[in-house]
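Now for the letters of each chain:
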Amino acid sequence: MSGQNLKILLVEDNLALSGVICFNLTRAGYLVTAVSNGREAIEALQRGRFDLVLSDQQMPKMTGIQLCEHIREMPGHAQTAFILLTAKCMELDVAKLRHRLGLSAALPKPFSPTELLTTIEESLASKVG
Amino acid sequence: MFTTTFQLRLPRRVTAYFLLFGLTAVVWLSASAFYVAREVNQDRSESTSLRWLGRATSRAALDYLRNGASELQPLVVQLKSQSGADYVAVRSKTGVYLAHSSPELVGQMADEHEGTTDEWGDVVRVHYVDSQGEMVDEYQAPLNAGGTTVGTLIYGVAQPDLWGYVRSAARHAPLAVFGPACCMLVGAVLLNRMVRPVADIAQQLSRVAMSPSVEGCELRQVPAVGAAAMGWNRVVTERAGRGQAEDLGQKIQQSLQTGRQGRLDGVLNSIPDGVATTDAAGRLTYTNLPMAAILGMKDIVGATDTGPGSEPAPQMTSLLIEGWHLSSNDALLSADNQHRPVVAELSRIEDGQRRVVRVARHPICIVGGVQHESHVWIIRDVTQQKLAEEMRDSFVDTATHELRTPLANIKAYAETLALADVIDVEQQKQFLNTINSEATRLARFVDDLLSVSSMEVGSLTLNRQTTELRRMLNEVLAKVKPQVEEKRLSFEVSIPEKMPEPSIDKDKIATVLINLLGNAVKYTPAGGRVAFRVHAADHNLEIDVEDTGVGIAEDELPKVFDKFFRSDDPRVQEQEGTGLGLALVQEVVRLHGGRVSVESEIDKGSTFQIVLPIG
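These protein sequence lines are chains A and B, in that order. For the first sequence, my numbering puts the final residue at 129, and the numbers step up evenly by one. For the second sequence, my numbering puts the final residue at 1615, and the numbers step up evenly by one.
Hint data in this document are derived by calculation from the structure and do not stem from the laboratory. Possibly wrong hints are sitting among the right ones.
What the hints assert, rightly or not - Here's a subset of chain A near chain B, in silico, CB distances under 7 Å, partners left out:
| hint | residue |
| --- | --- |
| 1 | Asn14 |
| 2 | Ala16 |
| 3 | Leu17 |
| 4 | Val20 |
| 5 | Asn24 |
| 6 | Ala34 |
| 7 | Arg47 |
| 8 | Thr63 |
| 9 | Ala87 |
| 10 | Pro110 |
| 11 | Pro113 |
Since we're looking at a predicted model, the values are computed, not measured. Note that the Cβ used here is the ideal one computed from N, Cα and C, for glycine as well.
All chains, full assembly: derive it from the sequences and hints.
Structure representation (structure tokens):
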């Protein structure tokens, strides 16, 4: 499996979606930690290292972009791959975010698990490369 | 053709008029002189004198025969007054005056005059110079009475001299002078009228010549007589038209001060939008009351305020920069935009509330499309509109989320099921259940959307049918029960034993109750209490939904039934919601002829009450 030993932090407030993403990522060999909001995500990042953060954009209290901004200011996380899941891909200036926050990719909802896995692999590969 | 043929140039016209009236006056005067001369000469001419002499002789002879010499005196006096003679007398054969028009000479010896003598038969004319140096013709004729000569009739006529002419002229003066004077007067008036506009124009032009700038000179119209005047007036009108744009503020102010003052003033001050005009320097030339209020000015600006001596009116843009945080790179301040309409939105915080205004600036165009540096400004308060727009935007946001989330789940689960080769049956079942519940959620949201869309166009209609209330209420309670249990809330239900069977739209009322109960459960923390009480009165059905939830802040209470409204309370924001539920509740209850009310205290809980007529 491609994702051996790579750790992914999943931030998603919708438990149903979180569940199915977990299921697919785990099957692909990734080590997934699922949290349901930005604050929990920051706590998880403070406790351990992750290769990639997969975050929903629209969440109560802290949006995915705000989370990304926060993470970039944390020591040791300036380069962590960050993928944004969003229902409003069209309204976001992805190129600008990529430049400003080092966003790896933005995946529009609804997406297929295959798409998600491909995006994750590409993001990780570009970081390694 | 006629008019063009007779349009002579001004100098020629002036000359023609001058000649015409001058000539008329000269002719008139000449005629008068001729008349005077004729009159003067006629009375003293030879033939007249002889005729009078003959007449006098025969009358004197007759009187003499009838009354004797004593009656001759009245006759001579009468004859002198009737004729043009200077004296009339009768001289006896002895040379004594028997009668004389100057009575003091009667009885005296008659003078013998030296001079040239003409004789026609027995009539003699002596031409002599009298003691005053006056030329006199004296006609003498023998006075025969009854065949004997009793004396000589003397008829003396002073020959016309300068003085005679003067006297006669003086007598005819009124007619002789009045006519020409009238001619001259009429001519003078006509010439004056003809030349006055030209003189006016010349005067204004000389002012222009001496003034430093042509634009600064005030030009005025002249009486529209003649082509020059009409042309000049046209120039002045068009120039005034050009100046009109800059003067708009002044014009408004002037018209406010005269005539329809109250009306225009009232109109401009009654419209809720702020209206202002600025001149080329961007200074205010007029503001109406709302504009003054928006700009925070103490008083409105009128043209009179910008007169010399008073301090210059403030600049519109600097007021906006100070009061409305107009940024220095705004399109309103760009020089490129001076000649095109510009619209900007500005906002500031007033008493803790955000206030948004839309500022539109248009260059003032006059007829013919010529543009000037002056502008008209319109400022509209769009705070409410902005709030509505924001509510709608936030709804679109919510709706997108509400639609995409279940779709994303369904797609993810379905694909996972399709792709994953090894997956146990229990897990498959769980996945399918999730897909099912997500599809239900999607369907419910679409229903809500459709209802709201019907509400928007006013086409939400009721499908009334006789309803078993108890059964319907039980269905409703069954739907909310799982959520109540999940949150471990205490749930009080009070439904009377005996229930009416009213004619209502069962599905919609059920939705209303599910919405109210759903909200109560959603916004009540775990361990709280939710109460559902139904009370059937004679004509009304009262339903209370009470909770011990987060409550509604006092300022938000009037807005809870507004479409798309969602509380700013973070405890509410945390929960998913569309802001449509209570709007739908209100609309459905209203369509049933009932009413919905709410009482709430923040942090304590809320009570919604529905009263439905069931008569």
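For this session: Go through the numbered hints given earlier and state which of them the structure violates, listing their numbers in rising order.
Result: 6, 7 and 8
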